[in-house]
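For the protein sequence lines, the chains are A and B, in the order given. Heads up: the first sequence is residues 1 to 107, going by the working numbering. Heads up: the second sequence is residues 1001 to 1114, going by the working numbering.
For the record, the hints were derived by calculation from the structure and aren't laboratory data. Glycine included, C-beta positions come from ideal geometry on N, C-alpha and C. Keep in mind that the hints are not guaranteed to be accurate.
[To be verified] Rough simulated footprint, nothing fancy, chain B against chain A, three-plus residues with beta-carbon under 8 Å: (1) 44-55; (2) 93-99.
[As the list claims (entries may be wrong)] Straight-line Cα separation of at most 30 Å, DSBU-like style, residue types lysine-lysine; simulated pairs: (3) Lys-57/A to Lys-1101/B; (4) Lys-1101/B to Lys-9/A; (5) Lys-70/A to Lys-1101/B; (6) Lys-57/A to Lys-1106/B; (7) Lys-1070/B to Lys-83/A; (8) Lys-1070/B to Lys-1038/B; (9) Lys-1101/B to Lys-1070/B; (10) Lys-57/A to Lys-70/A; (11) Lys-1101/B to Lys-83/A.
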Amino acid sequence: DGGITQSPKYLFRKEGQNVTLSCEQNLNHDAMYWYRQDPGQGLRLIYYSQIVNDFQKGDIAEGYSVSREKKESFPLTVTSAQKNPTAFYLCATNEQFFGPGTRLTVL
Amino acid sequence: AQKVTQAQTEISVVEKEDVTLDCVYETRDTTYYLFWYKQPPSGELVFLIRRNSFDEQNEISGRYSWNFQKSTSSFNFTITASQVVDSAVYFCALSEAPDDKIIFGKGTRLHILP
Chain A
1 DGGITQSPKY
11 LFRKEGQNVT
21 LSCEQNLNHD
31 AMYWYRQDPG
41 QGLRLIYYSQ
51 IVNDFQKGDI
61 AEGYSVSREK
71 KESFPLTVTS
81 AQKNPTAFYL
91 CATNEQFFGP
101 GTRLTVL
Chain B
1001 AQKVTQAQTE
1011 ISVVEKEDVT
1021 LDCVYETRDT
1031 TYYLFWYKQP
1041 PSGELVFLIR
1051 RNSFDEQNEI
1061 SGRYSWNFQK
1071 STSSFNFTIT
1081 ASQVVDSAVY
1091 FCALSEAPDD
1101 KIIFGKGTRL
1111 HILP
């Protein structure tokens, strides 16, 4: 089945550690997006990539980094510079297709 | 600047009642796209509808209907004969081009009481 996978579903990290969230798609879509969702808030765009080896910052890119070496994969690294990383992270390939999300908790 | 406002933070209705979720948007573009999503407690985002700015026809899909009014910059969503399974957070969103970034409202949490 075509879709988007995000792993793991729940992730716990200690403060000050970098952590990488996985996003893989087999839809053959060119574009991929990372969104962050905080409680009671809508989704906010972190980074997006419209083609392999190219990506752009979204509205809240500070403290995050991404790579797009393959069409299928768009991993997001939450660095120690991100002041409040605990949130729900969603990956998407367009407006219709979203992954199941990763809930990151930094202790 | 783009903005989406969902003024209703939380709504509770009894099952079988009709309920309307409001959405007001702001954009300077004449071409844009509007969306509604459902987020059940499991967290995944479920796409419900996309409407482009040139199509003001109302849309109906089963118990769901959408009312798009450019004159008031609104794109409201109505659930008819609500069911407990409709309980979720609903997001309205806007983008200015296909495959462009999407601006989300803060969502409306809908509780359908049995």
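Is Lys-57/A within 30 Å of Lys-1101/B, Cα to Cα? holds, 11 Å
Can you confirm whether the C-alpha distance between Lys-1070/B and Lys-83/A stays at or below 30 Å? With Cα atoms ~39 Å apart, Lys-1070/B and Lys-83/A exceed 30 Å; violated.
query = Given the proposed pairing of Lys-57/A with Lys-1106/B, does the C-alpha separation stay at or below 30 Å?
reply = Between Lys-57/A and Lys-1106/B the Cα gap is close to 21 Å, so the pair holds against 30 Å.
- Lys-70/A paired with Lys-1101/B [C-alpha distance capped at 30 Å]: holds, 21 Å
In terms of beta carbon proximity below 8 Å, does the segment 44-55 of chain A have 3 or more residues touching chain B? Our answer is that it holds, as 4 residues pass the Cβ test (under 8 Å) against chain B, meeting three.
- prompt: Are 3 or more residues of the segment 93-99 of chain A near chain B, judged by a Cβ distance of less than 8 Å?
  reply: holds (count 6)
* Is Lys-1101/B within 30 Å of Lys-9/A, Cα to Cα? -> Holds, at roughly 24 Å.
* Asked: Quick one, are Lys-57/A and Lys-70/A close enough, alpha carbons at most 30 Å?
  -> holds, 18 Å
- Message: Tell me if the straight-line CA distance from Lys-1070/B to Lys-1038/B falls inside 30 Å.
- Response: holds, 23 Å
Starting from Lys-1101/B, check that the Cα of Lys-1070/B is at most 30 Å away, please. holds, 21 Å
Check whether the Cα positions of Lys-1101/B and Lys-83/A lie no farther apart than 30 Å.
holds, 24 Å
Comparing the model with each numbered hint stated earlier shows that hint 7 is the single one that does not hold.
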